[in-house]
Every structure is written in structure tokens, then in C-alpha cells.
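So that you can map any letter, position 183 of the sequence shown is 1170 in my numbering, and since no number is skipped, the others follow by simple counting.
A few of these clues could be false.
[To be verified] Just the calculated beta-carbon pair ranges, DEER-fashion: (1) Asp1021 - Asn1144: 15 to 25 angstroms; (2) Asn1216 - Gln1171: 18 to 28 angstroms; (3) Glu1118 - Ile1239: 38 to 48 angstroms; (4) Asp1147 - Ser1170: 20 to 30 angstroms; (5) Gln1077 - Lys1150: 21 to 31 angstroms.
[Unchecked claim] Here are the simulated lysine-lysine pairs, DSS-like style, with alpha carbons at most 27 angstroms apart: (6) Lys1017 - Lys1107; (7) Lys1150 - Lys1087; (8) Lys1088 - Lys1142; (9) Lys1087 - Lys1107; (10) Lys1107 - Lys1245; (11) Lys1150 - Lys1202.
Simulated from the structure, these hints should not be mistaken for lab results. For glycine and all other residues, C-beta sits at the position ideal for the given N, C-alpha and C.
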Amino acid sequence: MFSIEDGGFLEMNNLLNRDFTLMKYNSLCKALIDSDYVPLTVVDYLKSNNDSLKSVVLRHDVDKWPQNALLMAQIESKFNIKSTYYFRAQNNVFNPQIIKKISDLGHEIGYHYETMHKAKGDEESALQIFEANLCKFRDICKIETICMHGNSLSKWNNLDLWKHYNYKDYNIIGEAYLSFDFSQILYFSDSGGTWDNSKIRIKDITVGKSISSPKEVKNTQDLIELVVNGSANNLYLLSHPDRWNDSLSIWIYEYMWKKIRNTGKFVVKKIIG
């Protein structure tokens, strides 16, 4: 069969060597602990004087299936790793019980806001939605950082909310894109089911200048090797827990759905330049 890159269907090789499973994430966590890198939450990185250490920021965007986020959080906890989980406020994601469990494991919880999209570009309405949802999250646990949700097919950019407002007015220390100098930290995202996704990323892109990877990283094993070699000073790893599954049936569903979405995102990116 053709490979996914050639537009074909699922190869047997992909099934035998599945990436983006919880078992593979366990291997990545072990590599991080065995390396010279210090795993940090978003807020801990922003608060730290990070010039003297090699750090890796671990960020998870919980777009759906919050139970998967809990499984990843439990894997990290086994290695005494703390990371950041950004939850959307919509009903199928905003699960107070799971949010509380992840927070109780010592992880950071943040608000994954999409208010410009929800308000159809009306900044005043978007801010009101932001305020109401932030209160809902703070009823459960401490919220110190936020992160925009990058809906690739939306005409609105959620970061635009902060062109005329200041998130620091809400006792927010930082925003997961706006508060980082990406010329000093190497950014990887699992968007599209690959770590090499610059051709299909539309909204989840870094702000300002960014640095390039010293080696090609397409899959999680490549990323593990980069961690083991320690060839980058600081790393920023974004993952989406719903895309990491040990169940074969769910994994195949996600694989095929990502293929369809990637085709659409590639076309959109070509159109918008």
C-alpha cells in the first residue's frame, strides 16, 4: 500500500511499529529522567532562572478525551515528572473530577481558551467568556498560566484577545505562546500525528524567531534520541493526550482521522500562504 505521506492507506508497518501510544510516551518519560534535562511545567519555567540548566517544558493541550490526559499524568507521576495540562472549557472536556485528580498529582492545570472563536471575533464578548470560564477553573484548582486553542479552521485567532487586553490583570503569569522566547527553546508539537509538522501547522505556531532542530525529528523515537544525545539546550514539547492510545481500534481511528485533517490543513495553508 501507499504510505500516509503518499496519500494512501494504513501500512502494515505502521501497525507493527505504532507511534503515539501510551507505551511510547512511557519510553519518552524514561528517556527524559535518564537525561540531563530537567522537566518543568510552563509556570515553573517562566518563574525559574533557567540560564544554568537544561530544561524541557512539558505541555499537554486537552482538546478532547480528558481521561487520556489522566492516563498520561499518571505515567508522568510514576517518574516524578510534573507537566502542564491545558483544558478547554467545553462540556466534553471540562471534567472537574479529572482536572482535580491531575492537579492532585502535582501537575499544573491551565485554561485552554478559545474565546475569540466562540465570540466570533467580538473582543468584549470574548473577554466576558474568558472571565467566566477562568472562574470555573479556579473553583477547582490554582490557575497561573493560559494557552490559546488553535482551531485551524476558524477565521479568528484566539491570541488576538490580548491585543487590547492584558491577561496579567487576571493574576495570570504567562501565556504558553506569548510568554516564551522561542529563539532560546526548541519547540516540538505532535499536531497531525507527527513531530515534523511545519507544513500542516496553522495556528499552533511559535511567536517571533525560533530555532531549528539539530536533527530531523519525525517520530517519537527520533525525539527520544535527541533527548538522549542532549543536543539542544532547552526543549518545549507539546502533546495532545487524545492522540496517544494503546487501544488498536482507537489508534486506527485517530490515525485515519489525522490523515483526513492533515490533508485539509495542508490545503488551507496553501490557500492562505
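Results for each hint:
no.: 1; hint: Asp1021 - Asn1144: 15 to 25 angstroms; result: violated, 39 angstroms
no.: 2; hint: Asn1216 - Gln1171: 18 to 28 angstroms; result: holds, 19 angstroms
no.: 3; hint: Glu1118 - Ile1239: 38 to 48 angstroms; result: holds, 41 angstroms
no.: 4; hint: Asp1147 - Ser1170: 20 to 30 angstroms; result: holds, 23 angstroms
no.: 5; hint: Gln1077 - Lys1150: 21 to 31 angstroms; result: holds, 24 angstroms
no.: 6; hint: Lys1017 - Lys1107; result: violated, 43 angstroms
no.: 7; hint: Lys1150 - Lys1087; result: violated, 32 angstroms
no.: 8; hint: Lys1088 - Lys1142; result: violated, 35 angstroms
no.: 9; hint: Lys1087 - Lys1107; result: violated, 31 angstroms
no.: 10; hint: Lys1107 - Lys1245; result: holds, 26 angstroms
no.: 11; hint: Lys1150 - Lys1202; result: violated, 35 angstroms
When held up to the earlier numbered hints, the structure conflicts with 1, 6, 7, 8, 9, 11 and fits the remainder.
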